[in-house]
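Enquirer: Below, each chain spelled out in residue letters.
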Amino acid sequence: MRQEGILRHAAVRLLGLIPTLLVLITIAFFLIRMAPGGPFDGEKILPPEIRANLDANYHLDEPLLQQYFRYLGQIISGDFGPSFQYKDWTVNELIARGFPVSATIGGLAMLLAFFLGTLIGTIAALRQNSAVDYSMMGVAMLGISIPNFVVAPLLILVVAVYAGWLPAGGWDWSWQRMVLPVVTLALPVIAYIARLTRGSMIEVLHSNYIRTARAKGLPEWLVIRRHALRPAILPVISYMGPATAALITGSVVIERIYSIPGLGSYFVQGALNRDYTLVMGVVVFYGIVIVVLNFIVDLLYAWLNPRIRYDQAP
Amino acid sequence: MTLSVLTRLFLACSLLGLTACGERDGDFGSPREQRSTPVELVLLEDGQPDPSVLAEEQVVYRGNGEEPETLDPHLAQGVPSSHILRDLFEGLTTESAGGDLMPGAALRWNISRDARTYTFYLRRDLVWSNGDPLTAADFIYSLQRVLNPETASSTSRSLLPIQNAREVLAGELPVEELGISLLDEFTMQITLTGPTPYFLGLLASPVAFPVNRKNLEEFGDQFSKPDKLISNGAFVLKDWTPRVSIELQKNPKYREAGLVLIERVIYVPTEDRSTEVKQFRAHELDWTYEVPNNQFKWLQRHYSYELVISPWMGSYFFGFNLTQEPFIDNPSLRMALSLAVDRQIITDKVTQFGEQPSFALVPPGIDGYVPFSPEFADWTQEEREHEARRLYEQAGYSDDKPLRVEIRYNTGDNHKKIALAIASMWKQTLGVYVTLVNEEFRVFLQNRKQKVITQVFRVGWISDYNDPYSFLELFRTGNGQNDYGYSDSTFDALLDEVGTERVRARRERLMFEAERVLMSDYVIIPIYSYVTKRLVNPHLRGWRNNVMDHHPTRNMFKLNSKDTGEQL
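So the protein sequences, as listed, match chains A and B.
Under the working numbering, the first residue of the first sequence carries the number 1, and numbering increases by one thereafter.
Under the working numbering, the first residue of the second sequence carries the number 1, and numbering increases by one thereafter.
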């Protein structure tokens, strides 16, 4: 019964994805076209003959609606088209190269943040209002409030320039080049998860079933692990959906500062250069990633929380 | 709100911390002392360095700014790609380390008396990197490709001086009608519409590089990828990972391969200038694309030997919109505003980057041209301000009836700081009320072009070729770039004459006269002329400063770090 409910829910949600993406594509397509200037406008103006050749080459001379339907047709066949800016690459190629990098950095950062965050949060909750609690939460507050464009250069300066332990920037899939960006990305998330965990853990620890578990004489670590942790991380899980989406789609700041070839910079550079196909490709791709992740979180939620069931009323 | 205050506080603290860390540089025991020792070098009789002082590994890591948009020489427009393309390809002409024009694929050339027909005699032993012979037909094919409408090349505009180029680009004539003809296997002729003094220099730029026809026909628009690209320069493309690195390897088939010492060049995209500096400091780069303005002072103190500053052919100025109030027909007001700007303070205190304060349009150092200098360039700033106040009143403004004006610029720290400085100078000297308006780059360009809401606006112009004309033509009536609405028949007539004049000295005189006319109309407020600034590993040698900032790797070599310093 429960299994079937989840499946039906999943199917409905997946179907709901299509109109969502269609709306997203339509809005994004017309929004970027409404932005003043085009991909071939620069400080140096092109002679009209050359401009006409470029427009014809990229179908920009067609009516906008026709371009829109041409684009929709392309997307359905899975082709995001050639990039206006990076002429030697298609948007598909750029996403295929950029996303694994962003996903690796973001995924590792999320894993690190999840384990450290829940650990710190749990410890702080168990030592509520003690010096340990205050110092941990103080540090967490710092982690949330110091922006990563401050943390990142400082880390590079100390770890790479002065100590020479790790490279200052660049990318070759080696762990040495991942450490600093992963840590920088994870820091605020660790802090946030720690605060979330602490709050809900304190609440859970005061609930009746924990008192019951303790009364049964279970050792404290078992009480925490078996009975308290699962309900306590529920708010963390719902936070992790969008947070993971944000992390794995790439952060422009981190990518620029550490010279990482992720997806985030393509998005921003694409928008600034009016690289229509690149922006659209990344937007559609982001859309899919975010919707899918939210969907996964919903399923996880149902699995973790016995109070939520996706089956019909009894 | 609280958070943003907190954020700023932390930002301020960490920036302070950053400087403090920087001051204690030596405490970290990095091998800095060794790097900052000036290195002497002895060249052998043939101009090559003594092999005993060369580093074992001749590999150069060059920071290269943004990711290059393409390695197709006919489609590339950006500066980053041009650096790489100059290593990969060679045109009919080429440049020396110091930027002087030299024979490239062409051994010599003749120019007809009317300066319209160029005959090129190619070297007979040239080959592509795959071993195929390289002949005049390859160059003709390449020039035709650039101007073919189907190629949709935006840099093709530099080839417009070639006869019939405009008609071919517009699709009105077939490419065969271009003013280019093959005389024999190694001789070709190019006919121009009029004398074009910078034409030989143009042939050394990527748009005139040869591409291999077989290469293109086999791979189409994918030909410029590693393992595919066939080129004729000192290096060949080995590897390309977007936004990570582009690796080139010495081309053993290059005509002067014996003189090329660097074995591998790795171009590293460096989008973030601060990170680039850190990569240099961590010895990951030998050469940076640029250095960030806000670290200039610090670098000057701690990396004085590595920091290289050199004039560049670009001008930074503010323009007036002459088609709208208050600047329409109001030269006194425009002159007053120009005089009230203290350029020295802007370059010394605001930008702090060794830029040259400027009073004219054309930057110094371009192809021997000496720019026009107005009378007030020799005045003291007090004299200028005094005259500014007089002109301001003459234009009908006073403390009771002050001028209200907008300065418009595209978003950028440097532009903002300069606009702010100008606004406060105008306020202090004249009592002008200034509103600063910043806009995203393309919005800004569009507003500038429409000439409706602009009043005073920022302009930065970096020339495409080593010729003052590229600055002057921006102000010609009807030029697409004329965002000032300037129209002066004397000026236009002078430019027409410049276009047909083939005697160099007379042409220079005409350009000087045109610049004088323009500057006497106070169409712009010159601020400074650009400089290039970068960090270079002191062991990397063979390159020389030049106004075009072209630095082909084939001239470079690396010294052995152990053998430097006291010993030589």
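Please note: incorrect hints may appear among the correct ones.
As the list claims (entries may be wrong) - Below, simulated DSBU-like cross-link-like pairs (lysine-lysine); rule was C-alpha separation at most 30 Å, straight line:
#, chain 1, residue 1, chain 2, residue 2
1, B, LYS401, B, LYS417
2, A, LYS44, B, LYS253
3, B, LYS214, B, LYS253
4, B, LYS214, B, LYS228
5, B, LYS225, A, LYS44
6, B, LYS214, B, LYS225
7, B, LYS417, B, LYS349
8, A, LYS87, B, LYS297
9, B, LYS533, B, LYS417
10, A, LYS44, B, LYS417
11, B, LYS401, B, LYS416
12, A, LYS44, B, LYS401
13, A, LYS87, B, LYS417
14, A, LYS44, B, LYS449
15, B, LYS533, B, LYS297
16, B, LYS417, B, LYS297
17, B, LYS451, B, LYS417
18, B, LYS449, B, LYS427
19, B, LYS238, A, LYS87
20, B, LYS449, B, LYS417
21, B, LYS416, B, LYS427
22, B, LYS349, A, LYS87
23, B, LYS297, B, LYS427
24, B, LYS253, B, LYS238
25, B, LYS427, B, LYS401
26, A, LYS87, B, LYS214
27, A, LYS87, B, LYS533
28, A, LYS87, B, LYS449
29, A, LYS87, B, LYS401
30, B, LYS297, B, LYS349
Said to hold, decoys possible - Residues from chain B that face chain A, not an exhaustive set, calculated with beta carbons under 8 Å:
#, residue
31, THR70
32, ALA282
33, VAL443
34, ARG544
What the hints contain is simulated information worked out from the structure, not anything from laboratory work.
Note that CB positions come from ideal geometry on N, CA and C, so glycine has one too.
Enquirer: Could you run down the list of hints and mark each one as holding or not?
Expert: The hints, checked one at a time:
no.	hint	in the structure
1	B:LYS401 - B:LYS417	27 Å, holds
2	A:LYS44 - B:LYS253	37 Å, violated
3	B:LYS214 - B:LYS253	18 Å, holds
4	B:LYS214 - B:LYS228	11 Å, holds
5	B:LYS225 - A:LYS44	28 Å, holds
6	B:LYS214 - B:LYS225	15 Å, holds
7	B:LYS417 - B:LYS349	10 Å, holds
8	A:LYS87 - B:LYS297	38 Å, violated
9	B:LYS533 - B:LYS417	19 Å, holds
10	A:LYS44 - B:LYS417	24 Å, holds
11	B:LYS401 - B:LYS416	27 Å, holds
12	A:LYS44 - B:LYS401	38 Å, violated
13	A:LYS87 - B:LYS417	35 Å, violated
14	A:LYS44 - B:LYS449	11 Å, holds
15	B:LYS533 - B:LYS297	12 Å, holds
16	B:LYS417 - B:LYS297	17 Å, holds
17	B:LYS451 - B:LYS417	24 Å, holds
18	B:LYS449 - B:LYS427	28 Å, holds
19	B:LYS238 - A:LYS87	19 Å, holds
20	B:LYS449 - B:LYS417	24 Å, holds
21	B:LYS416 - B:LYS427	16 Å, holds
22	B:LYS349 - A:LYS87	41 Å, violated
23	B:LYS297 - B:LYS427	28 Å, holds
24	B:LYS253 - B:LYS238	15 Å, holds
25	B:LYS427 - B:LYS401	13 Å, holds
26	A:LYS87 - B:LYS214	20 Å, holds
27	A:LYS87 - B:LYS533	29 Å, holds
28	A:LYS87 - B:LYS449	27 Å, holds
29	A:LYS87 - B:LYS401	54 Å, violated
30	B:LYS297 - B:LYS349	11 Å, holds
31	THR70	4 Å, holds
32	ALA282	4 Å, holds
33	VAL443	5 Å, holds
34	ARG544	27 Å, violated
Hint check: violations occur at hints 2, 8, 12, 13, 22, 29, 34; the rest are consistent with the structure.
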